[in-house]
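Undergrad: One-letter residues, chain by chain:
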Amino acid sequence: TTSPSTGDTSTLRHRRTVPTSSETLQTLSEDRRSQTAELDDTQSSNGTSAHFSPGGHFSQDPQSSRVVLMLVAGLCFATRLYKITEPPHVCWDETHFGKMGSYYINRTFFFDVHPPLAKMLIGLAGYMTGYDGTFPFGKPGDKYEHHNYWGMRGLCAVLGSFLPIFAYVIVQDLSRSYTAALITATLLIFDTGCITISQYILLDPILLFFIMAAVLSMVKFNLQRFRPFTSYWWLWLVLTGVNLAGALGVKFVGLFVILLVGLNTVWDLWRILGDLSLSLVEISKHFLARVVGLILVPLFLYVTIFAVHFVVLNKSGPGDGFFSSAFQSRLIGNNLHNASMPEYLAYGSTITVKNLRIAGGYLHSHWHLYPEGVGARQQQVTAYLHKDYNNVWLVHKQDNNASDLVRHGDIIRLEHKETTRNLHGHLHEAPLTKKHFQVTGYGINGTGDTNDLWQVEVCGGQKGDVVKVLRSKIRFLHRATGCVLYSSGKTLPKWGWEQVEVTCSPYLKETPSSQWNIEDHINPKLPNISLSVLKPHFLEILLESHIVMIRGNSGLKPKDNEMNSKPWHWPINYQGLRFSGVNDTEYRVYLLGNPVVWWMNLASLGLYPIMVAVASITLQRGFSLEHSLVLMREGGLLLLGWLLHYAPFYTMGRVLYFHHYFPAMLFSSMLTGITFDVLLKSTDLLLRPPYSDWLQRLGQMVLLFSVLYSFYLFHPLSYGMTGPLAHEPGSAMAGQKWMDSWEF
Amino acid sequence: MLQLPLVVTTQVDLVLVLVSLLAFWTRLSRLSSPNAVVFDEVYYGQFVSLYMKRVFFIDDSGPPLGHMIMALGAYLGEFDGNFVWNRIGAEYPSSVSVWSLRLLPAVCGALCVPLVYLLTLELKFCHLSALGASALLLLENSLIVQSRFMLLESLLIFFVLVALLSYLKFHNHPNSWFRYCWLLLSGASCAAAVGVKYMGVFSYLLLVGVASLHTWNLIGDRTLSVCVQCVCRAVCLLVVPVLLYVFWFYLHLTLLHRSGPHDQLMSSAFQASLEGGLSRITQGQPLDVSYGSQVTLRSSASQPIPCWLHSHKANYPIRYENGRGSSHQQQVTCYPFKDVNNWWIIKDAGRQELVVSSPPRPVRHGDVIQLVHGMTSRFLNSHDVAAPMSPHSQEVSGYIDFNVSMAAQNLWRVDISNREAESESWKTIMSEVRLVHVNTSAVLKLSGVSLPDWGFRQLEVVAEKLFKAHSSSLGWTVEEHRYGTSQEQKEREAELHSPTHIDVDRKMSFWAKFLELQWKMLTVKQEDSEHKYSSSPLEWITMETNIAYWLHSSTNAQIHLIGNPVSWGVAHLSLLAYQLLAAVYLLRRRRGLKDLPDGVWAQFVCLGCVCVGGWLVNFVPFLLMEKTLFLYHYLPALCYLHLLSPALLEHTHTHLLRYTHTHSPAHRSTHRHALGVCLSASQLQALKWRDSWDILYRRR
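Just so you know, the sequences run in chain order R and Z.
22 is the number of the first residue of the first sequence in my numbering; add one for each residue after it.
2 is the number of the first residue of the second sequence in my numbering; add one for each residue after it.
Hint data in this document are derived by calculation from the structure and do not stem from the laboratory.
Mixed in with the good hints, there may be bad ones.
[Unchecked claim] Heads up, simulated DMTMM-like pairs for lysine to aspartate or glutamate below, C-alpha to C-alpha not over 25 Å straight-line: (1) R:LYS515 to Z:GLU627; (2) Z:LYS466 to R:ASP761; (3) R:LYS455 to Z:ASP416; (4) Z:LYS533 to R:ASP761; (5) R:LYS455 to Z:GLU627; (6) R:LYS530 to Z:GLU540; (7) R:LYS758 to Z:ASP416.
Okay, chain Z solo, but in the shape it has when bound (with noise of 0.2 Å):
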């Protein structure tokens, strides 16, 4: 029966709705301007273009879910992916909606003010603690620019904070069956922030990290059965976060169906997989490497640059440079274009024919067989005389026997790597092969060190006898094959410069592609080079650089990445204060005084469990790190700061002495920056507050 009166009440706290939308005023206002391409929006920004391309591309600085967000918005924005992003400071052309590009970070980072006043709630701080901590993540400055632009730091941040508050919600209400959900959502942020960018595993681990200790006390807790509430946990926050991860992997895959810019670095099986590039060459190649078959050689190494296995009618020098002998044969290279002097023909070492007969017979693992160069018909030959520039190794050349004191020794064994039976056959694309010298058991293999200019900068290639168990610079994949048919040298030549032929489609499964891309993301060496704006960790506490993100073509409009030095300081003396504090009371309980009721300390602990563990999960690693680093790094682990500072400083008052707390609007001068406002020299020379901080003029 329904009963009247129907009634609706709702509570609608008012400072947290303010806060929002003064969070979406800073962030949202005027989104548009600069209409130009500002700092790493033009590195984004091309992934973007490929997303609405659907091309293929591989970036190793962290997984797809945030470029996919950032495309998203393009999507929504009619944004075709016609844009050239070539530098920083090029104008946008009126038919990119800039506003849309930037929408969704920008909305994220609005996101993140109330989340935080939520947050410290539920830390169990009071509400002016919320709105301290809501007013200093609102009024940082580095904050609002990182937000403001096509850029990943404010969705990780945004992630991070829900995983956070879902977690700790959760926790705090141990009797509804609701708080599953809150625990699910919590795993699905924290897979979404890994997403984003690989620097949430940090904050991942610090959640799974807290959530096992407080398992851990459930365990304890003699008077319950535990098991299913463990499973549930273990579920929820390291089952479906390893899911949903491998999820945007799928996503990322099924999107990007077409051959691109980076197909080169990826196996010719998985080129041959995408629409376009190298499938539009295997199709409807014979599958299986016969004798007699002609084929290209393809190293499974990407490093230093994808090649074929190559030969020219170039001989190595009697001497090298250092004095060293050489065999004086043929060179053997690996050349990382395609050419026609990349094909090879596979012959039988027993007979004479180089074409395949009918039936064909298939080459399987552990078959001999000899490599004819196509052009130059120069048997592929290795012996013990050292390979030019690594000397440790065998020398690898083009024989023919001109009855000179050298010995053939032109034998080859097939060794399947990736073979499922002891006798499979030899496939297109699919099989990564190593080519075994019969006589010295050398491995074939593409050391990677280009030969100077008597080998044409081309790459070396040697022989190497090895007892390491794996390496791709080993490995060699057919990537172009056909069946010979003609056993007349001019004919054969003539056929070598003919185009391949037909059709068969070849699929890779997704765990295939996602393995494989996951190990070419994580292992592909950025080269570290350092930027002109990079940093040192240590330098990130005391504000020493900036980073100049965009400066207008002919005033002094800029833009900055500056922290507000105010709340700067704030966060790291609160840090500091943190620590002494916590030392006092450890000290002093350990002794028999205890200063804190148990509430108030298990309170005291928890805020420091999340925000200075945050911000030491955030910070440390990097301190290890080799690659080059920004100060946007230090964002995330700047957040936990400005949670802190206002739940300590309450903490102080009510537990320690009556303290009045005051906040400083150091905001306004710097935010010029953030906003690009435009100065004049004299007014810039004015806000440059420290010699370090390296603020653009334009010269008139």
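Chain R on its own, in the form it takes in the complex (with noise of 0.2 Å):
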């Protein structure tokens, strides 16, 4: 009553234990490491799970799994892309994603908080299946009509097909069980959330496809682990990479898989570097190999995505305020392409002013005091991210007479031209960096007081050297009190309409920060010359990007009247997200999922850390249970990716949503599969053998059939409701109001 493949007694178990099939013993023969790696032979002893029950319906060999697999597909398939085109108008964030689309179609640049492989592949199945990049996508409601939308939602549908496929293998290669696979993949083709966002031009489904690849891939790799440097060992490799490329290129969420393979990269890397057999220099190429698979490719790829980006966008569109001036200036149809102004700053101009902090706005000021108790109660001057007729200012000298040329060392003043105030510094806190002074618009019809003299002064110049337009980075030193004009990047609260703090810094170092350019320059005095700016190079191009995405991330900051989703919401699916419809007569969708099977999900975060602790307090007592390394290494992998996809958004500043929990939820299920699968086979501890294998099979029937009923009761979730609200009485899905949250 030995279990042969850990050597040791159990003697809680009432079921035989199972001999080691010959295929394990073949797999351990065949390894000539097999020894070293003294955890792996446990995995393969649980290749016999294969006998008890895998689900009722079929039996192991190949030929049938590939039956169970085609019919995983196919339901995937079907649940996803029925009633595809319905509602025939624009749902939620289709607004934003369908339109960058249509931007791609019609190269016009744009800005966006994402990397831009999603939309790019949105587009490109837009332009694909013959849609135009005409339709605007003004607000959600907005009637297609006669315009091909089908292609951009099979693409999204399509892909998210894809993920209960993926679960369904990375189950079964992680746990070697098809139940646990089988459980996982019901689990997530039956989950109304899972439908609902992949049924829509959204970024997520893009995104889950990547990462689930990503998992696949590396799942895939790890079994190749003993015969190392062969072709499929290369093929998993890249693979990954290409993968986590694609995860990161659709949003930075990405970034969390990467830290989940890094992990599993540097635990594997560990595993050899404790392998003696090997010698320091086949170390080192396993190293080098993972360098370039899951380092340099992804990088080059990611690199490459971008090229095309700004490729294909070559027109002036909405996002050019958001990047500097040089950047501004590659644009087709940007007033800066191809510019022709005066050279030379000089009195009497209309300016505009941009800060050279990457993503620093234009100087500006607008009919608002700051308001009581921040500092003067004057005219607030900001910094503004989009163009405007507020950012234009006019260059007088300290006297108001002349037009001549700005010159290094001069006195000027700067007046707004809409408000007629003058740009002005005073000893007060400044708004936000106490540290800074507060810099206002003072005075009337730009008559105001010496604390309106600013001194100009070029970076790097000598006195009396001139301004250039565009080229010259200049410092605003302020007369009176010696500090300098600037930027400090943080947002000001309501009052202040969420632009940007602009101060007078006592401290002089130079810093992009306190650094502007001329960017529009009109003075009808002097002759427009065309000016070449120098175009910026890709990798400046790349980097300041990131920054503004970066920037624009984290500047979105929930609003006050706003419903917002908090992270402990998502695993007890607390509310979902309304897609469409709101009164009783249109078609109304909603993100929710299905709630048996989250709720199940939850169920297992509960019982999967019980049951790790019960099976891990006996192995260190000298026992070992069946199932138990699956349940704690297999598990764990699983636990982590969940964790790495959930617990970071406790940290996050941004708005949230419900959605932002999908990628957590899929771990989650391919958890539960596991834990599942392993609970109930762990019957055989409370009975003896046919009894246990019944409530095993009971367990897995009403595990199905509570699905496959929940999902019944909610499928009008995701394929859409019509009638009354739910609150109300006599509609459909009133009885289905389990939670006082839910709004369909």
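Using the hints, put the two standalone chains together into the complex.
TA: As structure tokens, this is what we get:
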């Protein structure tokens, strides 16, 4: 009664232990290093678990397993592609991502906080299926009418259909148990949330596709660990890298899966390092292969994505103002493209001034005062990222006459054209950066006081140098206090319209935050000269666009009135997202997970630590339960994946939505598959053989039918509801409103 | 039988005695100078005064133990609490015993030095290393400054060190029964550390982590039965600290039984349990709210400020600034001051009377009522009109039937959210009620937005269709309450102006008070403004900024918080060195090359767990925090590093190479800042080693 694989006695078991199958022995003898990898032989002993009722529907030969895989795939595509064109109007964030797809077709430059891959794919899919990029995607609810939108939705749905298939294969490879894999696939196929999020023009299905593909390749690669440097080994290694690049190219959330793969790789290398039969040369070969496959290849692909992005989008569009003057000069149609304007800054000119910090704004003012308690109650001066007539300033000489060129060391006054206030600094605390001084708009019709005087300084220039438009970096030193005009990059609260703070810094170090350039320059008295601005290098563009994106992301702060979702809401399926339709005549779609599936996931997240605790304590005390290694190692990998995709959201300051949980939910579902499978197989700790098998079958059936039934109940959430709202009597969904917080 | 001769032998570690004496000398000499309020004393001092006067307060910066210890010092020095802590640099009058106020933190700060000495020994390093560690701590300017005033860090560091030391004592003496006393002491000091500042949690978690690792190894030892041991450890390190933590609050609430400036943040029930304040008003009010009762309704939300449901003779403007229209009915707002317009009368929808019948008919959960505004007789009403500032919600107005097209929708269902039984009656003070609008099932809510000038800048009240399960802005509590007796409007107005009456004593249980206080402390938001001397965590490593603590009113004498640059540098270098060394060792061990014997390796790992681990848990969380941070937040982490450097040096010396170690006296030059010595401007200039240090000059 000893288990041959662990060699230790477990008297807890009622069932006879299964002898190691010949297949296992074969794989063991095949591999010359199997003795050193002592942990791995137990994995193969679990191959025997296929004996026990794989779902009750089929046996374990390869023929039928292929049939099951086909069945899973068929169900996936059927559920995702069903009613794909419904509703025929713009749903939720389609208004953004559809629009961005159109921008690619029209080659118009835009700005988005996410990297471009997904939107490029959407654009491509639209282009291939005959969409011409003319639909404006104005707001949710706009009818598509004759426009071909099914291609873009179809791409997302097809990619979304792969998720359960991938999950099936991943779990099967990890646990060697068809039951676990089937449980996972069932959960994901019949989850209304996964269906809904796959059916629309969104980034998420594409992101999830790449995440799952990366995990799948990683798992496959792990399986090849005893056959290093074979072609399959290389294939899965490179595929992992490719998919990582894809995931990161869609959203920065892809970083989490990179972290997961990274940790897995570190663990793998650590194992290799401990293998004393390998020489250091072999180890460094391993190391270099991974550097190439998991760092260099993804990096190259990622950069390529951006290169394509910048090449395709060469026309001026709505995103220009976020970028530096040099960047804008690349774009056809921008006023800086082949610009012509007076070359040197002169008195009497009308100018806009742009901060040199990356994604620094234009110097801006408007008819609003600083609120009480924030320095002096004078007009606000801010930095603003969009082009606007309030960014326009007039350059005056100290004594307000003559038109001459402005030179290094000159004392000037800047008058805000719209409000006729002067740029003014004084010894009050700045609103956010308390160590700096406040900058305001002061005076009327250009008449102010001595605090309105600023000294122009060209960086690296000498006294008497002229100021070149666009090319000179200049600083404005306040005459009275000696501080320098500075953009801190902090966002003002509501009273400042969430624009960026401008201060006067007493620290005179030269940083981009205190340097400005003149962007627009109009002076009728001077001749216009065509300026060829220094074209920026590709890497500069890349860096700049990343900083703009990161800043944009952290700038997405929750608004006071908006309902914002908290991370703890997500696993309990507390509240969904309204995709389409508000009142009872409209076609309504509501993104909400299938509650049975999600609560099962939640339960397994609670069960898993308990089971691991029991298993590891028994192991530590010298007993070994069957399956405990699968549970601890493979389950641990999935739990890590879940944690990496979930925990970081608690530290994020940006606005969060329910759909951010979906990557974590996939990991959680895979974990559920393994947990429930092991739990059901552990019935033999309680009961004797025939009964334990019956109990196990019963458990599997209950699981299957509860998921199917709940899908039947909740499928209208994904495929659309009409008629009265659920909280009103007479609605078809009235009985299903199990939580007060659901709003369908 | 007594055996003779009776002998007592004691061993005295003279080095230990010496460093202790030096520590006391540096921390305690001239403790009462400067005789003025220094930096955060202005903040903690006010709490000490409140303790002396037994007045309730709530401080969201941390639990009360640290404040109580300082108050104990004040109590011993017979401080009566009569001092206005309003600005840094204010001179103390002769009646205030400055020395005793600062004594306890200073003593704890001084004791840290011998504790570090013992801790190094307990980590199994030699006496020379122990001397090194205590010398580093002894000469650390920043610790000296922080210990010499009424500040919390020295208390925190003291308790953390005691906890670590006693845990290691417990771990290193496996076979005595006395060891459980050490474990108990360790648990108790953990509770004290957390009780002084929440930051103590980090060190506590580290200790629990190390302890659970040890316990795990214990479980792995198959020769022992370990149940009892595990339970003992769990009790001492988990249960005892929690109980003690609650005990600090018990003391706090027992000591402070008078009402004071922070009452308004607490619920009405809590306020009524304090002497004076609200309880004086609510004494003797009838308990059950009945039809005909006159009440004031306070919002349960204390954000942005506590306020009462209010209405006044002014209507919503026909059009708002942004062009949206309103119902042009009477405004209903929330008003943060006591006012006669805060009175509302509870009316039975089916009857006309506005007086309480006898016997009174109490209002129960689920009843439908109307609310009549006492002074203007308008009904509380809501309808499908967008609210002025929150257009997604419904407007709430005071309604009277002028036969215009708008119908009355003034029925409200009483929903007692903290009920125990379904038919519970609505109780003054105790019940938190939601008013659910019957027609639209929206809930009366304080939106927290202030109205513009037309609404006299009072707070907006709306009705919102909500699916959120719980939000304090939905709850309302009856605060003042009396049974109305006058049916006539004029008489009723006179009645409303008269003060309320009579008495019953209502006690709140300790647990309810504790939970409420704890919840409020964790949720009250500090406005995150940047302070002149605030700094970011990464600046701490390079000591980029200092903090000016005090400047003499006429001379250049000043006190700054700056670390000793040399020991600071040594500390961070040794941190780096440890990590490199550990990485090299690990890689080599993995390849089967054991450079160190197992015992030494265990010692090395233990050092890393305690010191590098301690530094990590006390530093990394700050990188994620969004609150205003100061250099002194880094001091606990720094102490761990000072523990590390000499031990690492010894390790290098004995196991890697023969290496002589030197100590450097940079202490002298910057210690003048610590002690507040008067220097001329040029001398100050010479001390400004870094450009970013903000040393003050007095212009003469």
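Undergrad: Any hints this thing doesn't respect? Which numbers, in order?
TA: Those not satisfied are hints 3, 4.
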